[in-house]
Amino acid sequence: MYIYKMDVNMPEIKLESEFEKLKKLKKDFEWFESNYKKLKQEYKGEYVAIKNGSISYHDIDVFKLMEKMKETGENTSSFIIQHISEDKYIYAV
Amino acid sequence: MRIQATRGEGNLFRVFTLVYSPFIGKTIPITFYIDTGATMTSISELDSILNLIEPNNFPKSPLLTQGIGGIVSSHLLYNCNILFVSETGPHLERMWSINLMRNITSNQPFTKLSLLGLDFLINYKIYFEYGIMILEK
Chain H
0 MYIYKMDVNM PEIKLESEFE KLKKLKKDFE WFESNYKKLK QEYKGEYVAI KNGSISYHDI
60 DVFKLMEKMK ETGENTSSFI IQHISEDKYI YAV
Chain A
0 MRIQATRGEG NLFRVFTLVY SPFIGKTIPI TFYIDTGATM TSISELDSIL NLIEPNNFPK
60 SPLLTQGIGG IVSSHLLYNC NILFVSETGP HLERMWSINL MRNITSNQPF TKLSLLGLDF
120 LINYKIYFEY GIMILEK
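Protein chains in written order, with numbering that gives the first Met the number 0: chain H, 0 to 92; chain A, 0 to 136.
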């Protein structure tokens, strides 16, 4: 078991379980990317919340989406939440 | 130790992470876009909203953040750890602070991309390998 100790008086995070969480989220993100074209047909312009390779919530307004998730007692940090753009972008950052 | 950054929105390279700070008391998932043009590692306003963080509750930086889309205010999340999936397993990186971006006016569109900036990247060797960006140290 990996335990990463923070500074004195700070809580510990359990690295092993957090790493498992991160790998699950990464998998959901990869699912989102590989299904993007299909999802765009149905959810264009919307925010989608993904867990275990499926869309659990969606809404055009991010605050409404968060409200829906809050109402059902969901922990938002266990979802991948992505916006499906109506347009294609290139970025200049 | 090598971290792979793969292509995401707008074909930009990005990495999946969990960020922890004792000041938020939980780990939050953040996808950081690699940005050698960003001075500081920053969390977008959208990512703050999605993780129920209000940047105004954190100390305000004396510096504003100038982006392509305009100027936003900066708040500082101190004592951060960023957890990465490296090629060999978990990798934790400690950062003194991460910038939380916040709109100055309510009619300003909020920032969407969180950025892994020079304060982080300067410690890494960056190169490309068959269409994947590698961060190595």
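These are calculated hints, taken from the structure and not from any lab test. Hints may be right or wrong, so weigh each one.
PhoX-like mimics (lysine-lysine), calculated; alpha carbons at most 20 Å apart, straight line [stated by the list, open to error]:
#, chain 1, residue 1, chain 2, residue 2
1, H, Lys20, H, Lys43
2, H, Lys23, A, Lys25
3, H, Lys25, A, Lys124
4, A, Lys25, H, Lys20
5, H, Lys25, H, Lys36
6, H, Lys63, A, Lys111
7, H, Lys36, H, Lys22
8, A, Lys25, H, Lys22
9, A, Lys25, H, Lys69
10, A, Lys111, H, Lys43
11, H, Lys13, A, Lys111
12, H, Lys63, H, Lys25
13, H, Lys37, H, Lys22
14, H, Lys50, H, Lys67
15, H, Lys39, A, Lys111
16, H, Lys23, H, Lys43
17, H, Lys25, A, Lys59
All of these numbers come straight from a predicted model, not from anything done at the bench.
Here is how each hint holds up against the structure:
1. H:Lys20 - H:Lys43: Violated. Lys20 (chain H) to Lys43 (chain H) sits at ~28 Å, over the 20 Å cutoff.
2. H:Lys23 - A:Lys25: holds, 17 Å
3. H:Lys25 - A:Lys124: Violated, at about 23 Å.
4. A:Lys25 - H:Lys20: holds, 13 Å
5. H:Lys25 - H:Lys36: Between Lys25 (chain H) and Lys36 (chain H) the Cα gap is close to 19 Å, so the pair holds against 20 Å.
6. H:Lys63 - A:Lys111: Satisfied, since the Cα-Cα distance of roughly 17 Å is no more than 20 Å.
7. H:Lys36 - H:Lys22: violated, 23 Å
8. A:Lys25 - H:Lys22: With a Cα-Cα distance of about 17 Å, the restraint between Lys25 (chain A) and Lys22 (chain H) holds, given a limit of 20 Å.
9. A:Lys25 - H:Lys69: Given pair Lys25 (chain A), Lys69 (chain H) holds - Cα atoms ~17 Å apart, limit 20 Å.
10. A:Lys111 - H:Lys43: holds, 17 Å
11. H:Lys13 - A:Lys111: violated, 29 Å
12. H:Lys63 - H:Lys25: violated, 25 Å
13. H:Lys37 - H:Lys22: Judged against 20 Å, a Cα distance of about 24 Å means the pair is violated.
14. H:Lys50 - H:Lys67: Holds: Lys50 (chain H) and Lys67 (chain H) sit about 15 Å apart, inside 20 Å.
15. H:Lys39 - A:Lys111: holds, 19 Å
16. H:Lys23 - H:Lys43: It is violated: about 25 Å lies between the C-alpha atoms, which goes past 20 Å.
17. H:Lys25 - A:Lys59: violated, 32 Å
Checked against the numbered hints given earlier, the structure breaks hints 1, 3, 7, 11, 12, 13, 16 and 17 and satisfies all the rest.
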